[in-house]
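Protein sequences appear in the order of chains Z and H.
Take the first sequence: its position 17, counted from the start at 1, is 17 in my numbering, and no numbers get skipped.
Take the second sequence: its position 340, counted from the start at 1, is 1340 in my numbering, and no numbers get skipped.
The set of hints was computed from the structure by calculation and includes no laboratory data.
Honestly, I wouldn't trust all of these hints.
Straight-line Cα separation of at most 25 Å, SDA-like style, residue types lysine to any residue; simulated pairs [said to hold, decoys possible]:
#1 H:K1256 x H:H1168
#2 H:K1012 x Z:E127
#3 Z:K5 x Z:Y40
#4 H:K1349 x Z:D81
#5 H:K1256 x H:T1246
#6 Z:K63 x H:Q1129
#7 H:K1012 x Z:E92
#8 Z:K63 x Z:I22
#9 Z:K128 x Z:P44
#10 H:K1320 x Z:P44
#11 Z:K63 x H:G1015
#12 Z:K63 x H:L1014
#13 H:K1268 x H:H1168
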Amino acid sequence: MEFPKDLKYTKEHEWLKVEGNIATVGITDYAQDSLGDVVYVELPQEGGAVTKNEPFGVVESVKAVSDLYSPVSGSVSEVNDAIIDSPEAINEDPYGDAWMIKVEIANPGELDDLMTADEYQKYVEEEK
Amino acid sequence: MLKRTPLYETHKALGARIVEFAGWEMPVQYSGVIEEHLAVRNNCGLFDVSHMGEIEISGEDALAAVQRLITNDVERVVDGQCQYTAVCYPSGGVVDDCIVYRFDKKRFLICVNASNTEKAFKWMRENGQGAAAVRDVSASYAQLALQGPFSAEVLRPLLTIDPESIRHFHFAVTPIKGYDAIISRTGYTGEDGFELYFDPRGAVAIWQAIMEAGKKYGILPIGLGARDTLRLEMGYPLYGHELSETITPLEAGLKKYVRLEKPDFIGKDALVKQASGGLARTLVGIKMSDPGVPRAGYEIQKAGKKTGYVTSGTLSPSLKLGIAMCLVEPGLKEPGTELECVIRDRKAKAVVTKLPFYDKKAAAGAAK
């Protein structure tokens, strides 16, 4: 299982990559593995607002529906439409091709309580 | 305390994800639901279904006892044949749906759902009349299901009989790896295949022998996840979803397994009344026209008005679109009828479709 060092992580198993005032958001390797085959994903519209710790979309495996929680508040600057047509990319490349949304960060202070890769790895091992 | 089948350690060693199901720790998936599903459709797969229950009814009056308990008619089958049936309450609601194995007039084995084993056993013991002993023999049997187009080829080298000699919905008692097994040409996937019942002590050896023999045909171990998507593509009911204590077999579209002409059986009066009075709701299959995955419990609407609900739904791995079975008002059962499925806050378009969703011949034609 992979935990890239350059990302930040949430307890809901989303990852976030910060470049300037833009955060790219996706779900972790652990999350995709727990879900199993992803068959459907629902993402917000470009320009829409997301709020930290609030659902911004839905990911569905064959068996189950799971909410996606935003790690930060802000407005959605870009949506990865490609994964709507190919949700299996979420299983294949959760940290790469299968990023979900880019958010213009409203309040950089919200990033402070996110986990580092090491902290998240420990968190996942305890959850197992 | 959750129960484990004799293959629990085998599943763990194969990397299965284990979940609780009907009081058992069962494998829900190994390599992935979609891969497993397609292996059964195209090659073959092996399922541990040892959690299923087995109830034996034997004795002088066994035939009469079974006839009173079931909605189908075991006089219509011969010794060595199996029959799918419902067992009903006087209300017409369902105790369980099961397969009856007819050894002879004095001995029947009934395969029941894991979730209903205790309830069904109690019901049969209390309501099976005359000189017939009703015994829960679940602990005496492990059960495997070998399913998929290469099933007979996989089984052939392991048996002393030709597996093809067992006809659809018939069974034989024959040794496999030194254990006497009941082997029926049955299953819950819509593919050719067999279900095998034998002494639990033989489970690991028989599992391994089948997996080994199946290697060259691309056999995979299959979990409960794919078992559910496979049965759903065929429109097969699952107790607790399409059938329950409050859903009758007639509402669930199982009319051909309910022999209203039979002199008597438990639930007959209620079912006769329901059949003549017309159904208040009926089971239909829907395919999604809009994106989205219909799930059990979602509301079904017609022109914005509630008309029923989804009993089971999934994304069909074979068809690659959302499919569901729903209980709706009977006027809406014609294929082609447009409905809406409420997915979260969205009304997604769906269309009533003929069951099964997956048609092997049509799929083969489309692939050409």
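Going down the list of hints, with the structure as the test:
1. H:K1256 x H:H1168: Distance of about 17 Å is within 25 Å: holds.
2. H:K1012 x Z:E127: Holds, because 19 Å separates the two Cα atoms, which is no more than 25 Å.
3. Z:K5 x Z:Y40: Violated: K5 (chain Z) and Y40 (chain Z) sit about 28 Å apart, past 25 Å.
4. H:K1349 x Z:D81: 21 Å, holds
5. H:K1256 x H:T1246: Holds - the C-alpha atoms of T1246 (chain H) and K1256 (chain H) are around 19 Å apart, at most 25 Å.
6. Z:K63 x H:Q1129: Outside the cut-off at roughly 42 Å; violated.
7. H:K1012 x Z:E92: Cα-Cα ~24 Å, so holds.
8. Z:K63 x Z:I22: Violated, at roughly 33 Å.
9. Z:K128 x Z:P44: 30 Å, violated
10. H:K1320 x Z:P44: 23 Å, holds
11. Z:K63 x H:G1015: Judged against 25 Å, a Cα distance of about 19 Å means the pair holds.
12. Z:K63 x H:L1014: 21 Å, holds
13. H:K1268 x H:H1168: Judged against 25 Å, a Cα distance of about 28 Å means the pair is violated.
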